[in-house]
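> Read off the chains here:
There are 2 protein chains.
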Amino acid sequence: MPSYKLYYFPIKGLAEPIRFILSYMEQDFEDIRIEKDNWPALKPKMPFGKMPVLEVDGKQLHQSAAICRYLAKQCGLNGKDAWEDLQIDIAFETFNDFRQPVAAYYYDPNEDSKKLKWETLSKETIPFYQGKFEELAKNNGGYLANGKLSWADLYFVSCIDYLNALLKQDLLENTPTLKKLREEIFAIPAIKKWLEKRPKSEV
Amino acid sequence: MPSYKLYYFPIKGLAEPIRFILSYMEQDFEDIRIEKDNWPALKPKMPFGKMPVLEVDGKQLHQSAAICRYLAKQCGLNGKDAWEDLQIDIAFETFNDFRQPVAAYYYDPNEDSKKLKWETLSKETIPFYQGKFEELAKNNGGYLANGKLSWADLYFVSCIDYLNALLKQDLLENTPTLKKLREEIFAIPAIKKWLEKRPKSEV
Chain A
19 MPSYKLYYFP IKGLAEPIRF ILSYMEQDFE DIRIEKDNWP ALKPKMPFGK
69 MPVLEVDGKQ LHQSAAICRY LAKQCGLNGK DAWEDLQIDI AFETFNDFRQ
119 PVAAYYYDPN EDSKKLKWET LSKETIPFYQ GKFEELAKNN GGYLANGKLS
169 WADLYFVSCI DYLNALLKQD LLENTPTLKK LREEIFAIPA IKKWLEKRPK
219 SEV
Chain B
19 MPSYKLYYFP IKGLAEPIRF ILSYMEQDFE DIRIEKDNWP ALKPKMPFGK
69 MPVLEVDGKQ LHQSAAICRY LAKQCGLNGK DAWEDLQIDI AFETFNDFRQ
119 PVAAYYYDPN EDSKKLKWET LSKETIPFYQ GKFEELAKNN GGYLANGKLS
169 WADLYFVSCI DYLNALLKQD LLENTPTLKK LREEIFAIPA IKKWLEKRPK
219 SEV
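As given, the protein sequences belong to chains A and B, one line each in that order. Offset between the first sequence (1-based) and my numbering: plus 18. Offset between the second sequence (1-based) and my numbering: plus 18.
Hints listed in this document are in silico derivations from the structure and should not be mistaken for laboratory results. Just so you know, these numbers come straight off a predicted model, no measurement behind them. Quick reminder that beta carbons are idealized off the backbone N, C-alpha and C, glycines included. Certain hints may be false.
Under the rule of at most 16 Å between Cα atoms (straight-line distance), these lysine to aspartate or glutamate pairs were calculated in the EDC-like manner [claimed, not checked]: (1) B:K68 / A:D126; (2) B:K77 / A:D55; (3) A:K54 / A:E214; (4) A:K68 / B:E53; (5) B:K23 / B:D99; (6) B:K132 / A:D126; (7) B:K23 / B:E73; (8) B:K77 / B:E48; (9) A:K211 / A:E191; (10) A:K135 / B:E53; (11) A:K61 / B:E102; (12) A:K91 / B:E142; (13) B:K218 / B:E53; (14) A:K91 / B:E73.
Derived Cβ-Cβ restraints for the label pairs, each shown as a range [unchecked claim]: (15) A:K23 / B:G165: 51 to 57 Å; (16) B:E53 / A:P20: 24 to 30 Å; (17) A:D55 / B:E48: 51 to 57 Å; (18) B:G149 / A:F146: 45 to 51 Å.
Derived, one-sided and incomplete: chain A residues facing chain B with beta-carbon distance under 10 Å [said to hold, decoys possible]: (19) P65; (20) W101; (21) Q105; (22) I106; (23) T112; (24) N128; (25) P145; (26) F146; (27) Q148; (28) K150; (29) G160; (30) S219; (31) V221.
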């Protein structure tokens, strides 16, 4: 059995989808959380100076989406063929297009431009993507692609959890199909176990 | 034979990697370029209101990376197994991390914050990624992954061309391994043919 060590900050962020998928696989992993003060010393040892990094038998893997897609192939969370994989990738990349402006708003250090970003985000971006993703799930039997569970669903649900904490609201409150998807994923025994044991973090 | 219609603005941007891969496949495609004035009328007809969109036999595909990964599987520009695909995905996502701040700088409408972005970009981001990508290619036999040509290389080279136009410099000038990779890709007969026939665009 390969050994897995996951390095990230002590938050959900971009590591939580990896933690979800490893948990879904029932794969033990060391969940190493680097405090801000210890990061500068570690940064040069990480490929491209970034985290999350998943160490598999000592080999450093980076880029959360690439890691999730790779792990998904080991536990049937990928598609059955190239066309299905394409649909999963489209759903994931589209969610990424939504995640980025949310993060850009939250981490903006300038109060004025932050306010401006919030205007667009709250009036346009959030309602637009909520409607579109709800529609996507409705058309796909409650999932984001192919009428069945995939890594894009786990990525979406684990990351929404993080975005909700940033935005101090539940993005899925008025999207019943997506809300049900989250409930279904949270009820998977291996995920439930992870949710119960994961360290509490504000975001 | 399926019919391919590619919709995008009259620039290289995020469609150029798709145009490169379709050309590499020697696949005919309609290269539909939407002028800015015609975009508002078309936008609601595009999934998630964005381009590029590749129409394959009338089915609308979106998200440039998802499309490239899908096409790559049809012409051997993917990996031979999950591990190789992972390396390709890591290289692609890392390049994306570089592309985004370049685009954010170029499209920033505020002169002050644009100036600030240029400071970080020119002094930190650009030299850092130039060095890291050159090293990556050196360690991979001149390619970005697995010691052989993949869709990540085509994505990288076609998109660098675009970023160079935005930045008014050649990002590969002092990275001989990457420069050679570009030369090699530009010399592939099908790509060469595309470069000769593609419409001229400033960016």
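> Taking 10 Å as the limit, does the beta-carbon of A:S219 come near enough to a beta-carbon in chain B?
Since the shortest Cβ distance to chain B is 24 Å, the answer is violated.
> Next pair to validate is B:K77 with B:E48; report whether the Cα-Cα distance is within 16 Å.
Distance of about 14 Å is within 16 Å: holds.
> Regarding the hint that A:K150 lies at the interface with chain B, is the smallest CB-CB distance below 10 Å?
6 Å, holds
> When you check the alpha-carbon spacing of A:K91 and B:E142, does it fall within 16 Å?
36 Å, violated
> What's the verdict on B:K23 and B:E73, does the C-alpha distance respect the 16 Å limit or exceed it?
Holds, because 5 Å separates the two Cα atoms, which is no more than 16 Å.
> Are the Cα atoms of A:K211 and A:E191 separated by 16 Å or less?
24 Å, violated
> Hint validation: A:P145 versus chain B, beta carbon distance must be below 10 Å. Holds or violated?
Given a least distance of 13 Å, the restraint on A:P145 is violated.
> Please check whether A:W101 passes as an interface residue: C-beta within 10 Å of a C-beta belonging to chain B.
8 Å, holds
> Does A:D126 sit within 16 Å of B:K68, going by the straight-line distance between their CA atoms?
Given pair B:K68, A:D126 is violated - Cα atoms ~25 Å apart, limit 16 Å.
> Can the restraint linking A:K68 and B:E53 be considered satisfied, given a maximum Cα separation of 16 Å?
38 Å, violated
> Taking the CB of A:K23 and the CB of B:G165, does the distance hold inside 51 to 57 Å?
27 Å, violated
> Are the Cα atoms of B:K132 and A:D126 separated by 16 Å or less?
14 Å, holds
In this structure, the earlier hints numbered 1, 2, 3, 4, 5, 9, 10, 11, 12, 14, 15, 16, 18, 25, 27, 29, 30 and 31 are contradicted, and the remaining ones agree with it.
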